[in-house]
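Visitor: Quick note on numbering: the sequence shown equals residues 1 to 636 in the numbering used here.
Hints are computed from structural coordinates only; laboratory data are not their basis. Be a bit skeptical, because a hint or two may be false.
Claimed, not checked - Straight-line C-alpha distance at most 35 Å; calculated DSBU-like pairs for lysine-lysine:
(1) LYS618 x LYS507
(2) LYS20 x LYS507
(3) LYS602 x LYS535
(4) LYS339 x LYS350
(5) LYS481 x LYS507
None of the values given here were measured: they were computed from a predicted structure.
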Amino acid sequence: MKILIDTGAQYSFINEKCLKLFNQFKYSAIGHQKFFMADGLTYFIVTGIIYLNITIGDVITSMPAFVTKNLCTNLILGMDYLTKYDLNIQPKKKSILFNFNDQQIVIPINTETISVDFPVKLSCSIKILPKSKQRIPITVNISTATLSFRPSSNFIQKTSIYVPHSILNIRNYSTLLTVSNSSNSPRYLPKGTVIGIATYNNSDSYNITDNKNSITPNTFNSASQQINTITTPPPLPTTQQTISNLLFHIAEQTQRDLIQSLLFKFQSTFDTSKYSVAQTKLSHVIETYPHTPPVSKCYPGNPTIIAELKSIINKLLEAGLIRESQSPYAAPALLVKKKDQTWRLVIDYKKLNAITIKDNYPLPNMEATLQTLGAGYHYFSKFDLKSGFWQLPINEKDRFKTAFITSFGLFEWLVLPQGLRNSPPSFQRIMNNVLGAYSEFFLGYLDDIIIFSKDFNQHLNHIEQVLNTLKSHNLILNPTKCEIAKQQIEYLGHVITPTTISPTPEKIKSIISLPEPRTLAQANRFIGALSWYRKFIPNFSSIAASIHAVTNLTKHNRHKFKWVYEQSKSFNELKQLLTSTPLFLNFPDDTQSVLLSTDASKIGLGGILYQEINNVRKVLYYHSELLSPSQTRYNP
Numbered sequence: 001m002k003i004l005i006d007t008g009a010q011y012s013f014i015n016e017k018c019l020k021l022f023n024q025f026k027y028s029a030i031g032h033q034k035f036f037m038a039d040g041l042t043y044f045i046v047t048g049i050i051y052l053n054i055t056i057g058d059v060i061t062s063m064p065a066f067v068t069k070n071l072c073t074n075l076i077l078g079m080d081y082l083t084k085y086d087l088n089i090q091p092k093k094k095s096i097l098f099n100f101n102d103q104q105i106v107i108p109i110n111t112e113t114i115s116v117d118f119p120v121k122l123s124c125s126i127k128i129l130p131k132s133k134q135r136i137p138i139t140v141n142i143s144t145a146t147l148s149f150r151p152s153s154n155f156i157q158k159t160s161i162y163v164p165h166s167i168l169n170i171r172n173y174s175t176l177l178t179v180s181n182s183s184n185s186p187r188y189l190p191k192g193t194v195i196g197i198a199t200y201n202n203s204d205s206y207n208i209t210d211n212k213n214s215i216t217p218n219t220f221n222s223a224s225q226q227i228n229t230i231t232t233p234p235p236l237p238t239t240q241q242t243i244s245n246l247l248f249h250i251a252e253q254t255q256r257d258l259i260q261s262l263l264f265k266f267q268s269t270f271d272t273s274k275y276s277v278a279q280t281k282l283s284h285v286i287e288t289y290p291h292t293p294p295v296s297k298c299y300p301g302n303p304t305i306i307a308e309l310k311s312i313i314n315k316l317l318e319a320g321l322i323r324e325s326q327s328p329y330a331a332p333a334l335l336v337k338k339k340d341q342t343w344r345l346v347i348d349y350k351k352l353n354a355i356t357i358k359d360n361y362p363l364p365n366m367e368a369t370l371q372t373l374g375a376g377y378h379y380f381s382k383f384d385l386k387s388g389f390w391q392l393p394i395n396e397k398d399r400f401k402t403a404f405i406t407s408f409g410l411f412e413w414l415v416l417p418q419g420l421r422n423s424p425p426s427f428q429r430i431m432n433n434v435l436g437a438y439s440e441f442f443l444g445y446l447d448d449i450i451i452f453s454k455d456f457n458q459h460l461n462h463i464e465q466v467l468n469t470l471k472s473h474n475l476i477l478n479p480t481k482c483e484i485a486k487q488q489i490e491y492l493g494h495v496i497t498p499t500t501i502s503p504t505p506e507k508i509k510s511i512i513s514l515p516e517p518r519t520l521a522q523a524n525r526f527i528g529a530l531s532w533y534r535k536f537i538p539n540f541s542s543i544a545a546s547i548h549a550v551t552n553l554t555k556h557n558r559h560k561f562k563w564v565y566e567q568s569k570s571f572n573e574l575k576q577l578l579t580s581t582p583l584f585l586n587f588p589d590d591t592q593s594v595l596l597s598t599d600a601s602k603i604g605l606g607g608i609l610y611q612e613i614n615n616v617r618k619v620l621y622y623h624s625e626l627l628s629p630s631q632t633r634y635n636p
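Taking the hints into account, I'd like the entire structure generated from these sequences.
Guide: This is how it looks when you write it as structure tokens:
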């Protein structure tokens with residue numbers, strides 16, 4: 001069995017395929033958790049944690065290992081293990097010195113450079129003009145690395161497109177590559193076309209290898225040492241185990257123990273085994289204009305759908321979230337399939353919403369929320385309410401208005417369902433009422449709660465105050481979506497660190513994967529996805545001007561949509577910026593002056609907000625906007 005010692009890995013990881021060799025092994029699932037790479041942007045997914053006792057010679061060592069499906073080897077021992085047992089890597093002697101009490105164990109290693117080949121594919125469908133060079137977006141299944149690229153002779157022969165040997169600097173699993181079309185006709189290449197091979201050479205890791213290449217449920221064999229047994233300690237109770245799984249990113253054992261002890265005090269707040277209704281001063285009300293109660297017939301469904309709907313309704317009745325109704329109101333119920341192929345109950349409240357008086361209670365400004373997190377905070381925790389809306393009660397006098405009809409009965413909600421016109425503002429009002437006293441270290445956007453602190457001890461105190469309040473109001477958290485005491489965290493589509501803010505790699509990757517638009521809807525989707533991140537892109541408005549020119553069409557003029565060379569050029573330039581421009585902004589340093597640099601052209605305005613610190617420009621924000629037709633006629 002191959003074991004990789006990786007000094008660049010903060011934690012230890014094990015391949016799920018390797019675990020399957022040990023039929024008695026069951027690991028603790030933690031949902032799909034993201035682990036960021038050294039660049040702070042790219043990540044890979046782990047699905048669980050397993051606790052291993054590894055016996056080397058007569059010495060028993062223990063370690064938690066994260067389980068992942070796409071590991072390049074069987075087991076990676078990271079710095080958590082190396083630091084805990086003070087392993088001394090000796091490359092010249094091709095060995096690792098392991099000191100344990102009075103015992104000294106020498107483990108042979110393989111220090112040869114590891115080479116791995118990856119196919120290089122097109123990120124999206126693309127058109128290459130005749131007699132031209134073009135930079136095309138490509139994707140490689142490695143997050144961040146410098147790779148040597150060799151083109152596919154088969155690709156060159158079939159397409160007559162010249163692709164040079166080159167060095168690729170991969171970031172966010174992608175980069176750009178220059179190709180040449182020397183023919184007299186355009187070439188159309190579909191997304192996923194393999195254009196060559198990229199090779200990764202890694203000389204920073206070390207292998208413990210199994211000469212016999214065999215494994216049994218109780219043994220790992222290396223060249224000269226036998227890892228005699230691997231066992232799992234007795235499991236913790238389910239809720240405690242779930243809480244413990246949230247803390248393995250905390251390297252310092254003392255800190256981990258302190259926060260685990262604190263969270264265990266509130267384990268009932270993390271217990272999702274049953275539904276609960278919050279005990280709050282406020283409840284959701286449905287104020288309506290004078291009206292006749294709206295009534296709809298139930299939607300038809302095949303026997304399979306009806307059976308599934310009955311099952312969901314019975315569970316909601318049993319959980320005390322709905323009850324049978326004799327209301328004069330009736331909104332139709334339907335099922336919508338989710339990404340995981342399970343069903344979601346949806347109520348069509350269009351008629352009720354049309355007569356509901358709008359609640360203008362404000363939702364937090366997302367940009368202001370994100371900027372608040374940049375005031376020198378070093379610890380962040382994120383809490384997610386389990387089925388958030390369903391925890392908040394509806395005022396008794398308004399429950400009959402939520403009645404929904406099925407082919408087998410009429411029911412009404414006791415808790416807040418999704419789909420009501422005022423659900424979001426009502427939810428925000430109630431959460432602000434519950435947690436508003438903690439505004440100095442708490443922010444909440446609907447059911448996403450974030451706590452921020454300047455040091456660890458302060459963070460413990462802040463977490464305790466929030467959990468105390470949640471517990472007193474009988475609010476339950478979804479632990480698989482919580483993140484505790486992190487110094488880098490995802491919130492509202494951004495990655496937050498103590499000093500910087502950047503888009504989540506997942507969002508950027510989804511934008512890069514969009515094909516070049518051929519319809520107005522596709523063009524609007526592309527420019528809409530980018531607009532949320534325009535603050536990271538200098539001169540965004542000017543670059544995107546040609547796309548805006550063809551997307552600012554009314555419903556009656558959509559037939560005038562045209563996508564030609566100008567739009568294609570802007571599309572590719574914006575994608576290039578997403579893969580080549582450093583997509584992060586700095587939070588301001590309040591001890592330094594803030595500077596504004598401005599620029600203007602015949603079509604737009606631009607500005608850069610920045611600070612000069614130690615002769616280094618720290619960009620805080622890029623602003624750009626297009627001039628209106630009347631503004632373009634202003635005299636200088």
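Visitor: Next, verify each hint and record whether it holds.
Guide: Consistency of the hints with the structure:
no.: 1; hint: LYS618 x LYS507; result: holds, 24 Å
no.: 2; hint: LYS20 x LYS507; result: holds, 33 Å
no.: 3; hint: LYS602 x LYS535; result: holds, 21 Å
no.: 4; hint: LYS339 x LYS350; result: holds, 24 Å
no.: 5; hint: LYS481 x LYS507; result: holds, 18 Å
Checked against the numbered hints listed earlier, the structure breaks none of them; every hint is satisfied.
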